[in-house]
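Trainee: Now for the letters of each chain:
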Amino acid sequence: MEAIIIGIAKSAIRLATPYLYASIGETIGQLSGVLNLGVDGVMLMGAFSAFYTVLKTGNLWLGLLVAIVVGAIFGLLIAFINVTLKAEQGISGIGVYIFGLGLSSLLFSTMIGTVQPVNGFPPLFIPGLSNIPVIGEILFQQNILVYGAFALIPLAWYVLNKTPLGLSIRAVGQHPQAADSLGVNIVRIRYFTVILGGILSGIAGASLSIALLNVFQQNLTNGMGFIAVALVYFGAWRPKTVLIGALLFSTVNAIQIWVQVKGINIPSDFTLMMPYIVTIIVLAAMAKRRIHPPAALNKPFERGE
Amino acid sequence: MSLIPIAAFLLALLIGTIMITFLGVNPLIAYQALLKGAFGSMNAIADTVVKATPLLFVGLGICIAFRAGVLNIGGEGQLVTGALSATIVCLNFPNLPGWILIIIALLVGLLSGAIWAGIAGFLKAYFNVNEILSTIMLNYIAAYGMNYLLRGPIMDPLQIKLGSFIPQTARLTQAVDLPRLIPTRLHFGTIVAVVFAILVYIFLWRTTIGFRIRMIGQNIQASRASGINVQKYMVLAFVLSGALIGLGGAIEVLGVHHRLFTDGSVSGFTGSAGFNGIVAALFGQLHPIGTIPASLLLGALLTGANKMQRAVQIPSALIGALNGLIVLFVVGSEYLRRRQTRRVEPTTKTESNSQNKNKDKKESK
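So the sequence lines, in the order shown, correspond to chains A and B. Quick note on my numbering: the first sequence kicks off at 1 and runs consecutively. Quick note on my numbering: the second sequence kicks off at 1001 and runs consecutively.
Treat the hints with caution; some may be incorrect.
[Claimed, not checked] Straight-line alpha carbon distances no greater than 25 Å define the calculated SDA-like cross-link-like pairs of lysine to any residue that follow:
| hint | chain 1 | residue 1 | chain 2 | residue 2 |
| --- | --- | --- | --- | --- |
| 1 | A | Lys-299 | B | Leu-1286 |
| 2 | B | Lys-1161 | A | Asp-269 |
| 3 | A | Lys-262 | B | Met-1042 |
Don't read these hints as lab results, they were simulated from the structure.
Extracted from the complex, chain B is given alone in its bound form (with noise of 0.2 Å):
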């Protein structure tokens, strides 16, 4: 791993150093707290792996969609496409056996999370429709769908009867809760995303299909010259980013919280861990296998924010603006590292003169 996520990370820490500062509590204290709520006893430490899982999920599917080049900011809206279909494949149908319901649901969620992304492939690959504007609006037209469906059609019928309209489903069947590994909240999705990790860095470096992706990524006028189906390609990995982090989102659902619900907001659900999930892959150098000790740094940092807002009062936002400022440090490195190694790495990306010239006939016109 290179230096330059860590250096990023402690130039956050001390922006954040100042901030808390400004905020008038001593940041070693808040600090204390955080470490204290992020890693402090056996089940601190679970809620950091538990947190840590969307992020490993969504990180995994940035992995894949960054490595062909493309940008898969949807992470949001397919969260909450895994969950809300996984939710309301359990909702429907409680007497199946468990575990055959949970393969399914998780099935489910991992295809609508396949095909909410692959809208944006689509769109992308046939009609060069800017894929971080399509996803991003995709995120929104998941939540409003969510919170309709959440404030009438699957709404629990207790909250009906009670009168109260609380916009969430009722508990699912405990035969769906996915099996805790110790006696914490730590369940058993993690293993699937720890595996899935070792997946992905297989699929990428070590089948055809993952090469042809991470070509087109690397440069995608050689690869259409070389006669790899540029298109098709690009929607595949489109689908597959959204399939993994489909998956994580039903995995929320049935490992976590055992029902859906919303604030009404985009975040509500997913807590962010759409966008948390881009900083945990950036972190980890969009490689799988560094995603997951960064979604580990991550999912601490949420944890101990968390426990951080309730000890000294300072607003667990802070660590949102951290991420933040991560995500700059980070792609602003880039470029010291890119002029360290240029004399081994010729640049990759050439731009065709004859379109060029195309585009300023138009313009003149």
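So here's chain A without its partners, still in its complex pose (with noise of 0.2 Å):
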């Protein structure tokens, strides 16, 4: 039973880290009014080109950069579309997906073609704390791209809420004619979060393909990254909030591998319907908090109306 529970709650762990980087680079996006849906077409591009890259370098630090970049592009172009033309966020953040999907499956069947394995970043093991019995088996024995998840928390936590930078977000988000009466640059911050957002969303990709399941198909994420989404209402726009409802997902996931790899005999459509189910139950009950969103989100910026 203990070894159950250890082998679960060190996949919860790992399973974690793409919600989590997606999931905070939404957060800061949306706490600066841009509402980024687009998620998971990123998160795929991001983890098509550092797999490509791994495959044929065999350089793991190479294939995360290159995500990294293909990451800020499509920030970039997200930026672009949103804020400067000003687009209705709910349907260009589709088009962002139905787009990144495509490309990625294009990209894929064209240059790979068949799906095979990689060497991803290997255990790290922490020195010291990785031989405190069950705690340092479950926490301390990762790769380096899932402690980078959990580092990126406090991190995040501190800029937006201790640094000016994090009052500008918030301000831009929050009450953009105030924040540019101030002499706040809307639209550089707002390039700036979706940017940093495209970035997260490349390295959530990544993390997928060359650290946690080392392989790329069509459609890997298959939806992670509109759960990353819902878990920035879950966590009301807070990164502590967000990592609970990071780890509530990942530990469904875990648990559903657990069982299926255990044969237990609940059919495995079941338990890979139960993320969808919770995600929908949770924002129901998110709702009943009243707990609002920026109030500049999904509204463009338009001076002196």
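Build the complex: two chains, separate frames, hints provided.
Mentor: Written out as structure tokens, the structure reads:
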């Protein structure tokens, strides 16, 4: 029993990684007033580009770097459409998703063709800590991208709450008119947050393809990016609660995988369905808590209206 | 029809040309294969129209939802529930007269789509759950539900006997095959779709309920102030949207496939029509009549892309990518159009100040 719980907990920590990168990126973007629903598409592109680079060069860090660059380019595209062209953000996000899904499938079938594994980031045992019984095994025998995801939480919290930049981001999302009159460059802040979100989505994708699963196939993410957006609502735009949500989901995922591997007699389709049902219930429950999104979310900024 | 969708289409085509060149194929040959695949013969044209039919149903559903100011991204799930329920009805009552069974199956498909979308509408109207997220989650739930049923309770008995276990149902009784229009794959469902396009237009622009639905999409505060039960009409918009898409799913089964099957993924049965229908609706300027040619164009692209894949080895995923770009170009260029017409149509989106202050208080706590 103990071994099972340790196994599930360890895998839950691992699987929280892509959610954490993508959700924190989305949180920062939404706090500045930009809703990006295309996370899943950017994750797919990040996952593909990292995987392809590693397959061809064997260099994991180069793979991660390429995913970051691809994520940044997508972020720039999203920012241009949502901020400069003031597009309806719900629809443009779906456009980004369809584009990312199609392009990553296209590139995969022309440049790779078959599903094949690569050697991803190896586990990195933290000296001393990894020897602690139970906790060491669960927390400190993971790979570097997992540590990075968890380190991102306090970092994002600090930047958002304790720095002038964080204040500007939240002001732009809450009261763009006021922020504008105080000389905050709204367009620049929103470009910054959306590109950062793109980069983090790219890393989220890379964490799947070169650190957790170590493969790429068409539609590898299977809607993870949308769950990451839902987690932002779940987390009420706060990094700490986003972390709790991500862990909840990754635990559901870990249990689902364990059930499948063990061949327990629950149809796998039901266990696969669980994360999505949980998302809907959680979103409905959140609404009861009357937490409001940033006031300017999904509203393009128009000066002097 | 405004020029924006056409410009968006041409721009996407230009980028497609660049991509094809990168793949080492002469774009002219590729596009020729695509055109020939979509329009080259009577069968090709029929395939194009058959492919366009579910896109039109989804596009019409999307039009209603968008006009009410809500986004229904759940076309995939609503197609699946419509197809699944119609299939189950046909499997269970094979001895009913064909035309009665067809009507019952289509109605059941329509109802299940309505209910599936209604869940999202209810959660949006009464719990303020983001409808984009809930509809996407419902897509996955519907797909896994279908997969479960196809791998067990409704699997073709022949598959079980042969031991091949392909997740699909038996072929439905031929009595429920929708009539063919000409000796091709073209079926009666296309006519139903076009009739519904006209009905949706009349509904939205010529009836009081349709007017109210459009009004809450235009200005929710003003609608509330003028006494419209906004929540009720929001749910209604979702229900109608899902009903059309569910009907489209049922027609796909009775008109094209004559059975239900899955490849395990969400889009295995729908061929992503739930997403491509959104592209069709946007391309048709969110107008039911405009959605007809838009669906045809997309149907041609998708049909042509399949043939292009076989002829010159360009993966049909290319068209998926271009569809995404079309969406981006259309929504991106809305701003330019708005700026041109601003003097005529002042912007309707206003923010209530008191609401903002409340939010600020919450935030500062």
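Trainee: Decide, hint by hint, whether the structure agrees.
Mentor: Hints, verified against the model:
For a cut-off of 25 Å, the pair hint linking Lys-299 (chain A) to Leu-1286 (chain B) stands: about 21 Å separates their Cα positions. Among the hinted pairs, Lys-1161 (chain B) with Asp-269 (chain A) is consistent with the structure: their alpha-carbon atoms are about 23 Å apart, no more than 25 Å. Distance check on the hinted pair: Lys-262 (chain A) and Met-1042 (chain B) sit about 53 Å apart at the alpha-carbon level, beyond 25 Å; violated.
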